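K.L.:
Following the hints, position chain P against chain V.
The primary structure of each chain is shown beneath.
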Amino acid sequence: MSEAKRNWREDVKVFRERMGGLTEEKKAMSKDQRDTTKAIQGALKGGPRTVPEISAETKIPSHKVLWYIMAMKRFGKVAEAGQAGDYFRYELKEASS
Amino acid sequence: MAKIKERYDGLVLGGGIAGMQASLDLAGQGYDVLLVEKEPSIGGVMVGLNKVFPTLDCSSCICTPRMAETAHHERITLQAYTEVEEIRREGDGFRVKLIKKPRYVVEEDCIGCSKCELACTILAPHEFDYGLGARGGIYIPHGNAIPQVAVLDPNYCIFDGACARACPTDCIDFTQLPEEVNVEVGAVIIATGLKVTPMNAKKEYGGGKHLNVMNPLAMERVQSSNGPYGHVLRPSDGKIAKSVAYVQCAGSRDKSIGVPYCSRVCCMYALKQGIMIKHHRHETEVTIYHMDIRAFGKGYEQFYRRAMAEGIRVVKAKVARITEEANQDLTLRVELIDEGGRVADMRHDLVVLSLGTIPGWRPNGRVPAETDDDGFFRIREVTTRPANSSRDGIFVAGVATGPKDIPDAIVEAGAAAMEAAMYLDRTWSRRAALVGAGVEA
Chain V
1 MSEAKRNWRE
11 DVKVFRERMG
21 GLTEEKKAMS
31 KDQRDTTKAI
41 QGALKGGPRT
51 VPEISAETKI
61 PSHKVLWYIM
71 AMKRFGKVAE
81 AGQAGDYFRY
91 ELKEASS
Chain P
98 MAKIKERYDG
108 LVLGGGIAGM
118 QASLDLAGQG
128 YDVLLVEKEP
138 SIGGVMVGLN
148 KVFPTLDCSS
158 CICTPRMAET
168 AHHERITLQA
178 YTEVEEIRRE
188 GDGFRVKLIK
198 KPRYVVEEDC
208 IGCSKCELAC
218 TILAPHEFDY
228 GLGARGGIYI
238 PHGNAIPQVA
248 VLDPNYCIFD
258 GACARACPTD
268 CIDFTQLPEE
278 VNVEVGAVII
288 ATGLKVTPMN
298 AKKEYGGGKH
308 LNVMNPLAME
318 RVQSSNGPYG
328 HVLRPSDGKI
338 AKSVAYVQCA
348 GSRDKSIGVP
358 YCSRVCCMYA
368 LKQGIMIKHH
378 RHETEVTIYH
388 MDIRAFGKGY
398 EQFYRRAMAE
408 GIRVVKAKVA
418 RITEEANQDL
428 TLRVELIDEG
438 GRVADMRHDL
448 VVLSLGTIPG
458 WRPNGRVPAE
468 TDDDGFFRIR
478 EVTTRPANSS
488 RDGIFVAGVA
498 TGPKDIPDAI
508 VEAGAAAMEA
518 AMYLDRTWSR
528 RAALVGAGVE
538 A
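Just so you know, the sequences run in chain order V and P.
Sequence positions in the first sequence follow our numbering and run 1 to 97.
Sequence positions in the second sequence follow our numbering and run 98 to 538.
It is possible that part of the hints are untrue.
Unchecked claim - Footprint (simulated), chain V over chain P, 3 or more residues, beta carbon under 8 Å:
id, segment
1, 228-239
2, 294-306
3, 328-336
4, 508-518
Said to hold, decoys possible - In silico DSSO-like cross-links for lysine-lysine, where the CA-CA straight-line distance does not exceed 30 Å:
id, chain 1, residue 1, chain 2, residue 2
5, V, LYS13, P, LYS413
6, P, LYS212, V, LYS77
7, V, LYS93, V, LYS59
8, V, LYS31, P, LYS212
9, P, LYS415, P, LYS375
10, P, LYS339, V, LYS77
11, V, LYS27, P, LYS198
These are calculated hints, taken from the structure and not from any lab test.
Remember, it's a predicted structure, so these values are computed and weren't measured experimentally.
Built from N, CA and C at the ideal position, the CB exists for glycine as well.
Bound conformation, chain V alone:
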C-alpha cells in the first residue's frame, strides 16, 4: 500500500474545479435520482408491486421504474416476490424498508 496518507478532502476540491465544478445538470440528475428512488420505495412500502403498478402509482414511466428496480435489486435493496400475470413483483428487503 502507498505510504503517504492521502488528503482526499483537499484533493476532491481540486478535482471538482478541474472537472468544471458541480454543474446544474449534475445537481438535477442527483435530485431526480433521489426523488425517483424515494417514490419507488414509497410505493413498495405498500407491499410487493409489479413495474406497471409502481409506474401507475408514482407516475414515473415504466422503463424508468424498471431501471431503478433493477439497480435497487443489484444493490440489495429490492428482491423478487413472485409473479403477477406477465410481470414479476418486487418487494423491499427488510434492511431497506
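P.N.:
Coordinates of chain P only, in the frame set by chain V:
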C-alpha cells in the same frame, strides 16, 4: 500491477479473446509481451456473452480463466485503461507512445471490495449491460473484471467524497492525470476486436427509439444469470417476453449503411439466443426473419437443426419496417419470400436486431498499417499469410481483419503470435544478441 519496462519484444493491442490468445502464445515462446487494453478490464466482448455456439458452454467460464492466465503470466505485462497515441517504425522495431487514462484509484492499493460503489450516491447506466443495468459513479467494471480494480467516472461524480470516506485502503486518488508511457517493441499484434452498427443506423427499424428493439449484445446480457434482469424481460416495462423476433442482416449485407459484407456470426448467435430464450421459458415463441441462414462452421448445421427441433421458427422474409404500438408491442411488416412475396404484419413484444459487425478500433494514422475501405486491417496476402498486415513487423488477429467467430479468432491469434515470433527471431532477437555480444546490429 507490474511496472512498465522501457522495452518489450511484442506489443499486443486489445485484450479480448484474440489479444489474450496472441499474448499467451507469444509469451509462451519466451518473448516479453506488453498487452494494452483501452477498457478498464480485459476480456473484450466475449466475457459479456452468455453462451457460445455451437456447444452452449458458458462464455465467461471459458474466457475468465484465459483472462487470469494472461494477467498472471510472468512474461505478460497488462496495461488496461490505456490508449495508443502513436506507433512509429524505428529501426527493426517500433517506438510506442501510450496514454494511461486516470482511474482515480491507485491500482496497487485497490482490493476490489466495491465499498466505494456501495457508498456512491449516484447511479449511472452500466456499459457492461449496454445501459440496461446500473452502476455507481465509481465501480468495478464487472464481476469477472481483471484487474479487479475500481474506476471512477467523472461524468457521474458529484464530488462528495463518499467513495474516499468508504475506502478501507485509502486508494481513491483524485489527483491522477492522464499519464504518457513510452516503450520500444520489436513487433506489434493488432487484435482490436469489434463493435456493432449503431441502433439508429436503420430508421425503418425505429432508429433506436423503440425501447423493445434491442441490440444483440444487450440481449446476451439479458440472458445472462449475472445480467441486468436475471430473466428475459422487455426493457419498456419489465414484461416477461412471450414472443421474440430476430431481424437478420439488420446492419450487414446492406450498402445503404456502408456495410456490404456478411457479419458471419449473426445467424448462429440468433439461433443460440433463440434456444436460450426457450431454456429460460419454454412457451416463449421465437421467430427468426432471415434472407438465408449461414451455418458454415464445425457443428453449425447440426446446431441449426437443433434450434428448429427446440421450436425456433425460421422464416425466410425481409423486414421492411418496425412500428411501435400503444402498449409498446412491435409490429413488423414483412415480405414472406416462401409465400410468393406476400406482405404481412407480425406482432411481437420484443425484437432483436442482428446488427452488423464493424471494426472495434480505427487507427486514424496512429499505427503504420493500412485498413481497407470497410475499416478492417488490410492483409498483405489473404490466402497465404492471413495474420500479416500490410507492414513488416505488424500482425493482425481476430475481428481486426474482418468479422469472424471465436474459434477462428483464436486460431488467427495463434498464427499472428507465430508470425510475430518468427519476425522477432529474424530481427529483434538477433539484434539483441549482437548488442549483448558487443556487436552493433
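K.L.:
Hints first: check each against the structure and report whether it holds.
P.N.:
Okay, the hints, checked on the actual structure:
1. 228-239: holds (count 3)
2. 294-306: With 0 residues in contact (Cβ-Cβ under 8 Å with chain V), the coverage given for the segment 294-306 of chain P is violated.
3. 328-336: holds (count 7)
4. 508-518: violated (count 0)
5. LYS13(V) x LYS413(P): Violated: LYS13(V) and LYS413(P) sit about 60 Å apart, past 30 Å.
6. LYS212(P) x LYS77(V): 15 Å, holds
7. LYS93(V) x LYS59(V): Judged against 30 Å, a Cα distance of about 23 Å means the pair holds.
8. LYS31(V) x LYS212(P): OK: LYS31(V) and LYS212(P) at ~22 Å, within 30 Å.
9. LYS415(P) x LYS375(P): 24 Å, holds
10. LYS339(P) x LYS77(V): 28 Å, holds
11. LYS27(V) x LYS198(P): Holds, at about 26 Å.
When held up to the earlier numbered hints, the structure conflicts with 2, 4, 5 and fits the remainder.
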